[in-house]
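Given the coordinates of chain A, assemble chain B onto it according to the supplied hints.
These protein sequences, in sequence, are chains A and B. Position 226 of the first sequence, counting from 1, maps to 226 under this note's numbering, and the rest follow consecutively. Position 62 of the second sequence, counting from 1, maps to 62 under this note's numbering, and the rest follow consecutively.
Source of the hints: derived by calculation from the structure; they are not laboratory data. Among these hints, one or two may not hold up.
Now the stretches of chain A that chain B is said to cover, found in silico as 3 or more residues with beta-carbon under 8 Å [unchecked claim]: (1) 64-75; (2) 172-178; (3) 277-284; (4) 340-348.
Keeping only pairs whose Cα atoms sit at most 35 Å apart, straight-line, the calculated DSBU-like set for lysine-lysine is [what the hints assert, rightly or not]: (5) 51/B - 96/A; (6) 219/B - 209/B; (7) 23/A - 46/B; (8) 216/A - 243/A; (9) 16/A - 157/B; (10) 219/B - 23/A; (11) 35/B - 96/A; (12) 24/B - 51/B; (13) 151/B - 34/A; (14) 98/B - 157/B; (15) 34/A - 88/B; (16) 51/B - 147/B; (17) 88/B - 23/A; (18) 114/B - 88/B; (19) 46/B - 114/B; (20) 88/B - 96/A; (21) 157/B - 88/B; (22) 24/B - 21/A; (23) 112/B - 157/B.
In this text, a Cβ means the ideal position worked out from N, Cα and C, and glycines have one as well.
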Amino acid sequence: MIYSTEDITIAIPLTKADRQKAKEFAQQQPTVEKQEQVERNTLAVLVMHYYLEMLEVPTDLQASYCWNPVGRLFADVADLYIPEARGRIECRPIQKGDQTCFIPQEVWQDRIGYVVVELDEAYREGTVLGFVPAVSTTMLGLSQLQPLDRLIEHIDEYPLVGEPFPVQLSQWLDNIFEAGWQTMEELFSNRVLRPIMPFAPISLGESQRTNSEDVKRLIEQLYVSQTDRNQSEAIATPDSDPKTALLHLLQTSQDQETRWKAAELLWEIEPDNPAAGIRRAKNLGMHLAGYSVALMIAILPKFNGRVAILLRMYPIGDQHFLPPGLQLIGLDDTGTPFFEAQARKKDNNIQFRFTADPGDCFSVRVALNDASVTENFVI
Amino acid sequence: MINSTLNRVMYTDNLNEQLNQLIKEARMYLPRSLKRQKLLNEIVGKMQQSKQIWRGWGVVEELYEEALQQTWLWFSKNFCNYDLERGKVMTWFNKYLKFRIQDLCVEAAEEKNKHNTTQLYNDDEVSDPLENIADPAGNSDPLGILKETRKWLEQQKSELRCIHVRDRTDINAYNLILYRLPTADKTWEELAKQFGVSTSTLSSFYQRKCFPLLLDFGKSQGWIEE
Chain A
1 MIYSTEDITI AIPLTKADRQ KAKEFAQQQP TVEKQEQVER NTLAVLVMHY
51 YLEMLEVPTD LQASYCWNPV GRLFADVADL YIPEARGRIE CRPIQKGDQT
101 CFIPQEVWQD RIGYVVVELD EAYREGTVLG FVPAVSTTML GLSQLQPLDR
151 LIEHIDEYPL VGEPFPVQLS QWLDNIFEAG WQTMEELFSN RVLRPIMPFA
201 PISLGESQRT NSEDVKRLIE QLYVSQTDRN QSEAIATPDS DPKTALLHLL
251 QTSQDQETRW KAAELLWEIE PDNPAAGIRR AKNLGMHLAG YSVALMIAIL
301 PKFNGRVAIL LRMYPIGDQH FLPPGLQLIG LDDTGTPFFE AQARKKDNNI
351 QFRFTADPGD CFSVRVALND ASVTENFVI
Chain B
1 MINSTLNRVM YTDNLNEQLN QLIKEARMYL PRSLKRQKLL NEIVGKMQQS
51 KQIWRGWGVV EELYEEALQQ TWLWFSKNFC NYDLERGKVM TWFNKYLKFR
101 IQDLCVEAAE EKNKHNTTQL YNDDEVSDPL ENIADPAGNS DPLGILKETR
151 KWLEQQKSEL RCIHVRDRTD INAYNLILYR LPTADKTWEE LAKQFGVSTS
201 TLSSFYQRKC FPLLLDFGKS QGWIEE
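Just chain A, with the same shape it has in the complex (with noise of 0.2 Å):
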């Protein structure tokens, strides 16, 4: 997202009766570093306030944790509560001349969306710069802000959007997840059809499990297309133990899709070891047309700072094959499809990969006809 001079950044003057508002706020504080960081976060939701009482958006200011005594008191808010996207935007105060924005971590979650709002130096006026969806950093820098344009149009959607919290990926490398989302073994322990390797040869399909001759056949067939790709690589003999063959692999390998077949490998024999990522997978279910389906993603972290995702539906319960004619949709962060899967007769699931950025947001859609179930997400 380009912030540039083209876009439009509105401009709001601060009352006396404001600043006295947040005076009053600071001084319930006990240290010198809370009042101001409570006055200029009571000024930056006044801010907010008035513009979207100007765009004819209601706020409930008693409703938003920062006018809660307590609430300032133990934490770091600037929250406005907005009752018709039943949630809240977060707005955080800058001043002129600051490039990036300060957003602690205990509003990272629960939020609809974050606000950059520059205070001038009097608090005389505010000037609201841009948004973001969502956050996953504590330095926002101002070029990844978004339109006005974007906001306004976000609280309009927001009520219609499944999920209202976006899942956080990178806390997935934490060990940190949202309910609903299991591991493989917990969803299909009960189930009597395990969901198959992707690209596995067809012969394995009958057993249901791999056995250890299979993983090393595959193990090597991964080293040598590595051969073929990268001349110069030192190569493991596939005769030492696989599971050391297949870390070397996520190791060193520059190639993604190698990664990831050997991140499947690896989730066969080692399912929780971090080298291969993180995968959760949530039960969507029967909500599209009576089906039940599952949505797995990983996420595999690359030497760049990149993020691999691989997004899987599998079927649930008796059913071999997905529902011909599900739809497997990724929508960018401006609601834009940056790809579509659909299911045929006799698929036992669709995929889609993709790399993308710490911050970058997106959304999930699974549907079948009319149905449509939405997930959103910030890496």
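Just chain B, lined up with the frame of chain A:
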């Protein structure tokens, strides 16, 4: 001389044309609709960028800010009702702004006479005589809220200790809230090091499990400000 005047006139007319166009378009949509909101956003942005909003030199600053805030609110509700034949939008806006300033001046003068104080618009001092009177319930006293919360924390100690991070009974609501007291001044980084977990684990647990308890306590005490 002539050139510059001409240019100014042309620029002004161009702005006015743009504003008229946007208002005409906004009229086609219902109030509070997405399209109308976006158009209003653009209109306000253009008006502010044009620097043609009356600056109010010579007017007491606080009066100006208040008048301007009220004028924007009025404008956002009425901009579609304006008869574009009657004259320029900017002129109409500025006229309203000047009237608001006048009204506020009159109000201020009346207040001044009533209370007989000369410090109404002095930012440096506390001007509201009520501000110095302590709230009998102790609500505006910072130590009051902190004190009451600490009392509550101790009373709820055993319950709060039961709320903890999975497999870590030491990372519980009681401990974490104590550490996050503004007087304790511990950062997430320090706490993460101390407990040997990531800052995300702590802040996530705090936000989801501890903070709501504090908010509920605040509400139950009737401390929410008007």
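Evaluated hints:
Closer than 8 Å: that is the beta-carbon criterion, and the region 64-75 of chain A has 9 residues meeting it against chain B, so the requirement of 3 holds. With 3 residues bearing a CB less than 8 Å from a CB of chain B, the region 172-178 of chain A meets the requirement of three and the coverage assertion stands. Figure legend: the region 277-284 of chain A, annotated as covered by chain B; annotation inconsistent (0 residues with Cβ-Cβ distances under 8 Å, at least 3 required). Only when three residues or more bring their CB closer than 8 Å to a CB of chain B does the claim for the region 340-348 of chain A stand; here the count is 0, and the claim is violated.
Restraint check for residue 51/B and residue 96/A: the C-alpha separation of about 19 Å stays at or below 35 Å, so the hint holds. For the proposed pair residue 219/B and residue 209/B, the alpha carbon gap of about 16 Å is at most 35 Å, so the pair holds. Our distance criterion of 35 Å between C-alpha atoms is met by residue 23/A and residue 46/B, whose separation comes to about 32 Å. Under the criterion of a C-alpha separation no larger than 35 Å, the hint pairing residue 216/A with residue 243/A is consistent with the structure, at around 10 Å.
Of the supplied pair hints, the one linking residue 16/A and residue 157/B is violated, its CA atoms being roughly 42 Å apart against a limit of 35 Å. Proximity of residue 219/B to residue 23/A is assessed by CA-CA distance (about 21 Å); at most 35 Å being required, the pair is judged to hold. The hinted pair formed by residue 35/B and residue 96/A meets the criterion: a straight-line CA distance of about 31 Å does not exceed 35 Å. At most 35 Å may separate the alpha-carbon atoms for a hinted pair to count; residue 24/B and residue 51/B meet this at roughly 22 Å.
A distance of roughly 21 Å separates the Cα atoms of residue 151/B and residue 34/A; the hinted pair therefore holds under the 35 Å criterion. The suggested pairing of residue 98/B with residue 157/B is violated, with an alpha-carbon distance near 59 Å, which exceeds 35 Å. Only pairs whose Cα atoms come within 35 Å are accepted, and residue 34/A paired with residue 88/B is rejected, the gap being roughly 47 Å. Taken as a hint, the residue 51/B and residue 147/B pair is broken in the structure, with Cα atoms around 50 Å apart against an allowance of 35 Å.
Pair hint residue 88/B plus residue 23/A does not hold up; C-alpha atoms about 40 Å apart against a cutoff of 35 Å. For the proposed pair residue 114/B and residue 88/B, the alpha carbon gap of about 40 Å is over 35 Å, so the pair is violated. For a cut-off of 35 Å, the pair hint linking residue 46/B to residue 114/B is broken: about 41 Å separates their Cα positions. Between residue 88/B and residue 96/A, the direct Cα distance comes to roughly 33 Å. Compliance with the 35 Å bound is thereby established for this hinted pair.
Our distance criterion of 35 Å between C-alpha atoms is broken by residue 157/B and residue 88/B, whose separation comes to about 66 Å. Distance hint between residue 24/B and residue 21/A is unfulfilled; the C-alpha atoms sit about 38 Å from each other, more than 35 Å. For the suggested pair residue 112/B and residue 157/B, the alpha carbons sit about 53 Å apart, so the restraint of at most 35 Å is broken.
The earlier numbered hints that this structure contradicts are 3, 4, 9, 14, 15, 16, 17, 18, 19, 21, 22 and 23.
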